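Just so you know, the protein sequences line up as chains A and B, in that order. Sequential numbering from 1 applies to the first sequence in my numbering. Sequential numbering from 1 applies to the second sequence in my numbering.
No lab work stands behind these hints, which were simulated from the structure alone. This structure is a prediction, so every number in the text was calculated from the model and none was measured. One thing to keep in mind: the hints can contain errors.
[Claimed, not checked] To spell it out: a stretch of chain B is covered by chain A in this simulated footprint if at least three of its residues, at any positions, have a beta carbon under 8 Å from a beta carbon of chain A; those stretches are:
#1 34–45
#2 165–179
#3 232–245
#4 249–262
#5 280–289
[Claimed, not checked] Below, a sample of chain A positions facing chain B; criterion: calculated Cβ distance under 7 Å:
#6 Q47
#7 A165
#8 A247
#9 P380
#10 L383
#11 V398
#12 R400
[Said to hold, decoys possible] For each label pair, taking beta carbons as the anchor points, the in silico distance ranges come out as:
#13 A:E216 <-> B:L156: 39 to 47 Å
#14 B:T116 <-> A:G240: 47 to 55 Å
#15 A:Q416 <-> B:E68: 16 to 24 Å
Think of the CB as a built atom: it goes at the ideal place given N, C-alpha and C, for glycine as much as any other residue.
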Amino acid sequence: MTRLLAIACLSVVSFVVGSCEPNPGSSSSRTPTVLVFKHGKLSGDPQAFQALLKEFETQHPGLVVREEILPASTDQQHQYYVMNLEGRTPTFDLLAADVIWVPEFARAGWIQSLDQLLPATDRKEFFPATLQAATFEGRPYAIPWHLDVGVLYYRRDLLERYGFAPPGTWADLVRIARMILEGERNPGLKGFVWQGKQYEGLLCVALEFIWGNGAELLVRDTEGKAEAALAFMRDLIRQGTSPALVATADEEAARHLFQAGRAVFMRNWSYAWSLLQREDSPVRDKVGLAPLPSFPKHPSASVLGGWMLAVPRGAARPTEAQELIRFLTSSSMQRRMALQLGYNPVRRRLYEDPELEKAQPWLTALYPVVRTARPRLVTPYYLMVSQVLQPEVSAVVVGRRSAKAALASARRQIYQILGLQEDHSRPSFP
Amino acid sequence: MNPAGGESAPVPGRRDGSRPRRFVSDEAWSYLCVGPGLFILVLLGLLPILGAIWLSAQRRLPIFGISEFVGLRNYAALMGDARFWEACRTTLYFTAVSVTAEVILGIGLALLLHGTDESRTGERPWIRVMILIPWALPTVVSARMWEWLYHSEAGLFNYGLRAVGLIQEPINWLGDPFWAIHAAILMDVWKTTPFASLLFLAGLKAVPPDLYLAARVDGAGAWTSFRHITLPLLGPIILVVLVFRTMDAFRVFDAVYVLTGGGPGNTTETLSIYAYKTLFQTLQFGYGSALATGMFLAVLALTAGHMVLLRPYLREVS
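The shape of chain A in the complex, shown without the other chains (with noise of 0.2 Å):
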């Protein structure tokens, strides 16, 4: 039925595409092959963006790129996915995916496998935590473009004013933040800043905080480690270095405030490091960019996001989408992505790299937390269980449930879903 509704919909909507678009290259004798690249909006110059698919079709007489951008909406472009390739006929060659829907459409088949971009040699290249999120049953189904991960942003000009370093475990940064903020005696001044909404992104600042108390999210430890770090994300905002918006904000709401000079440290992906440091921004060259604090004795911790490029099953031109997918990865384009749009590349060199380097200096801060970035579960139940911890997360954050009873009650559903005994001490993922 749904898929009936699905096959429908779609023929209607290339129906209709299909007899508005103009004919492409009209001049040329011959009609050129069009690839379809879907993806979602991208922060940045489109026309920066635009030049390098120009590039691409130089390089390859005949074929013409078309993007077909979705909404930046991460859920809606999962949404139109589902309903577009499992009516199994994708209108498009190439899509950009999540880092997490990887094993998810891998599972479902509506993705191919992409050995042959991966040959052995260059798996090197790229960091493992990406390759493990783009690797499902032992073959990678996608190939990393861009990456992103979570890092501490801190207000430089104030933790110099009152001789601070950036800190290196959540109580020094309690302890700073709370010296800076009665000191300048400011009440629009918050401490620190994060993404506490009901939704993914909640989940991704939780799992760095308990990854960096030592502990794991589904294996339980007697010391009841990660109760301890989900309780402090609650304490942060009752002890007032946080102030209770983070219960409803997301990155962009946290980056505002930040950006508005409104916070002295914020919790953020990578990409808001162009945008704070924009010509019109309150806070440009007044921000330093760190790893993430952690609990003592336990190394940083950081969650790994970004986007993929995949090649839907049935898709019309799969070898010219590969021959994209290559361009687009490579070295050069990876360097170009990172000078003109301020994408960080996935490739290892790109950040030793000197030019980009003084171009980008910021890229040698972030070397190190991508080098140690974690993938999050890598399961084509992902979804199912991030639903389940989304709620459970956000009560302990907003005071509703105990820490201790909202990881026991998450804890017991996501086995429920992955089929696993509760008494089972490692699953089989990380």
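With chain A fixed as given, assemble chain B onto it according to the hints.
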């Protein structure tokens, strides 16, 4: 009024009482007239509902290629699903509070509008148009607007409350488990009260003015006339508004989804939002359809309840 065309009844509007000559019998003709509408209803209403009920009897996970018949097992799981019951409670609370507020405020607003119409300056239709603006705005647009009004730092509400000294610390309207659901209710009331008041206004216009005059002669005050004339005569309209608004409020989705996404801690997750997340975000088509069917049955039961309440009035009308 008389679709089957009673043999004896003359067709009103034709001076000689004759009817146009047709090539089919009256009965066939009436079916022919109803046909297209019925076809569309079946295609767009009945078939999808039956499709969802059919899906709800299956375990259907497209990602894992699972599609099997499980009978009523999804419903059994639903009965034991704490999140479902919490969503039920949230939805019922949302519906009860918002519909009650809309009916009371709607009557008040209608009385005001009626009063301005009756006053010496004559009718002012532009007031009615203006009042309908919240109802006419797309919900997503107004929800985004309200999201800013509720913003705990930059929002108008906290600014106003702080300016008059009612609060010291900003209230986190959408991030506080107590306030979030009420914030959503307030927005819904703002948005749909105009619709209710317009229906009530129509009801007020139908009340014969002589009744009020007679009451005044008998020495009745404003409250007594309202209590003993206006309210009883508005009865059928109140029930119509109740039915419309209850059905609408029960399946509320966009307003709450845009404002809070169901958070914090699922305190604003209504049945529609839970069904959406199950169906479209985690792709559990079978279980999600069971949820949707459960919701459909609940709305059906509520409407049936209203119909029982309405029956005496309906009989009166016919």
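Query raised in the report: For this structure, which hints from the list above don't hold up?
Result: 1, 3, 6, 7
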